[in-house]
Amino acid sequence: MTDTIMEHAASDLHKGEALVEMDGVGKSYGVIRALEGVNLRVGAGEVTCVLGDNGAGKSTLIKIISGLHPHTEGTLKVDGKERHFGSPRESLDAGIATVYQDLAVVGLMEVWRNFFLGSEIRKGRYPMAPLDIKGMREIADRELQKMGIFVKDINQPIGTLSGGQRQCVAIARAVYFGARVLILDEPTAALGVKQSGVVLKYTAAARDAGLGVVFITHNPHHAYLVGDHFIILKLGRRVLDKKRSEVSLEQLTTEMAGGQELAELSHELKR
Amino acid sequence: MSSSVVTEPSAAPPTSDVPVRESRSFVSRLLARPEIGALAAAIVIFLFFYAVAPTFRTFAAASTYLYASATIGIVAVGVAMLMIGGEFDLSAGVAVTTAALCTGMICYELSLNVWVGVVISLALALAIGFVNGFLVVRTGIPSFLVTLSTFFILQGLNLGVTKLVTGAVASPDISQLDGFASAKAVFASNINLGFMTLNITVLWWILFVAVATWLLLRTRVGNWIFASGGNEASARAVGVPVRKVKIGLFMGVGFLAWFLGMHLLFNFSTVQAGIGVGNEFIYIIAAVVGGALLTGGYGSAVGSALGALIFGMTTQGIVFAGWDPNWFKTFLGVMLLGAVMVNLYIKNYAAQRK
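Chains A and B are the protein sequences, given in the same order. Residue numbering for the first sequence follows numbering that gives the first Met the number 0, starting at 0 and increasing by one per position. Residue numbering for the second sequence follows numbering that gives the first Met the number 0, starting at 0 and increasing by one per position.
These are computed hints drawn from the structure, not numbers from a lab. Among the hints, a few may not be true.
Straight-line Cα separation of at most 35 angstroms, DSBU-like style, residue types lysine-lysine; simulated pairs [what the hints assert, rightly or not]:
id : chain 1 : residue 1 : chain 2 : residue 2
1  : A       : LYS133    : A       : LYS122
2  : A       : LYS76     : B       : LYS243
3  : A       : LYS133    : B       : LYS243
4  : A       : LYS14     : A       : LYS233
5  : A       : LYS269    : A       : LYS242
6  : A       : LYS151    : A       : LYS133
7  : A       : LYS80     : B       : LYS162
8  : A       : LYS122    : B       : LYS243
Sequences are here, hints too, so could you generate the full structure?
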């Protein structure tokens, strides 16, 4: 599994090298500040976990990096160059691939069409060039098998796969197309224990291949299994920013559950 | 697997790590096609009228219902593609009339060669499609509402402008103008096949269906259309230009509406300003009977053609059967409901056996 990711991962990745750096990044929607003052560094071969409750600003953060909504404050650097993404295409071209929780794939389309969606192989370069359907089927089939994802038929609609398999196909697709930074938006939220395990193993494999991974979740247990760096957001602000060596799973869990607020609440409700 | 190896090691078949992958049977793949329900319904309806109406069995009848089907099917191809892309167009019916009136009046009033008017109305039809699409992707207002507005605007303009320019409610007769004969040959001639005469629109219809099918299944744009309708956010996230795709689809409907408008104009050399109202639903029905999902992301061009064929055979079949035409709409409704239910049944059946 890991070998295949290694094979495809961009060769110019050096462990620890900063791929994405955010400095004081914020985003306002009109008068509402969804996010402010976020510093984030995604290094090659590292998993940066962003944790937070609903409405903490996790989605806004992803949207900024993946080019869906540009930021309104601060600076975003990719490979040391300042960027301001206006569209998902720009972000993709910079090597940043985002895998969304529930909208990673188009359910009614075949597995291979999903695998190549947006990066189709064609038999020519002229505008209406036909697709190389046979080639794409073979590549998708081979790549998925190599990566340990077995589908009954590469031509079946992807909606007939399990949730975990769909996530893995989406991640495999991102890696195959040479992503350097992988953003995983709540990849395990809708999955059972076993399926989550598959996705987490896959995340670790991507990290070991030298990719920078941003892992968005509200599950500190999943985060601690793969993370090198942890950031907790609350109401659009950063409330914790620590390396793995500086924080324990217990601290993370407590902080996610509410931290100081929880302590106060437990004092109030003391019986 | 491993437990059986312990009990009878020698008899265990050699197994690889890769699970055996069974390819789906031909039947289950066939049933997974969107148009299969419409095909079944078309065959049933054909056999039904074949049995009850003797005149329905002739080539002359075939020529009549194929022509009726083509006049629906040409625009239905575009509407089906638009629906696969996740949008509706309620203005398609009156846009046909708008294009025809535009060519008719401009050519007559300015005494132009008709081909000039043909090109001008093409630009107008594409512009209408562009405006529809642009408003939908820019404002995020459902296309149902945007195109309902366009429908009323065009309906009013068709009558209002025609009355203002000609003083009547029809475009003037343009059959004496330069280029009329060649335009009629392209848009509205009859082809004698010996055993039957075929209206040229039937050939155009087949061509449009073939091009649309190729576009949908064999090109990148087709992939993008399915993705835009199936899951817009996901398509956008992998870099599909969803907005351009949707605007393009609206313009495609505009193009086909223009084509049918040209046919009507050169077939009759004059066009009534009030026609076309209600046809938008027939196009949508043809697409839906042909397997297009109302929610987008699923459907086919061949299906829309079968839907149009069902419509054409039913409208003409009732006449051939000699029934009271007052029952026509009721009968049509029952037929369509039946077709859609067959469709649904087969789709569910196909979904169960993956």
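Each hint, compared with the structure:
Annotation: proposed proximity of LYS133/A to LYS122/A holds, straight-line Cα distance about 11 angstroms (limit 35 angstroms). With a CA separation close to 29 angstroms, the supplied pair LYS76/A and LYS243/B stays within the 35 angstroms bound. Restraint check: the Cα-Cα separation between LYS133/A and LYS243/B comes to about 27 angstroms, which is no more than 35 angstroms; the hinted pair holds. A threshold of 35 angstroms between alpha carbons decides the hint, and for LYS14/A with LYS233/A the separation of about 30 angstroms falls inside it, so the pair holds.
Only pairs whose Cα atoms come within 35 angstroms are accepted, and LYS269/A paired with LYS242/A is accepted, the gap being roughly 33 angstroms. Annotation: proposed proximity of LYS151/A to LYS133/A holds, straight-line Cα distance about 17 angstroms (limit 35 angstroms). Between the alpha carbons of LYS80/A and LYS162/B the distance comes to roughly 63 angstroms, so the proposed pair goes past 35 angstroms and is violated. Using a Cα cut-off of 35 angstroms, the hinted pair LYS122/A and LYS243/B holds, with the two alpha carbons roughly 23 angstroms apart.
In the structure shown, a violation is registered for the earlier hint numbered 7 alone.
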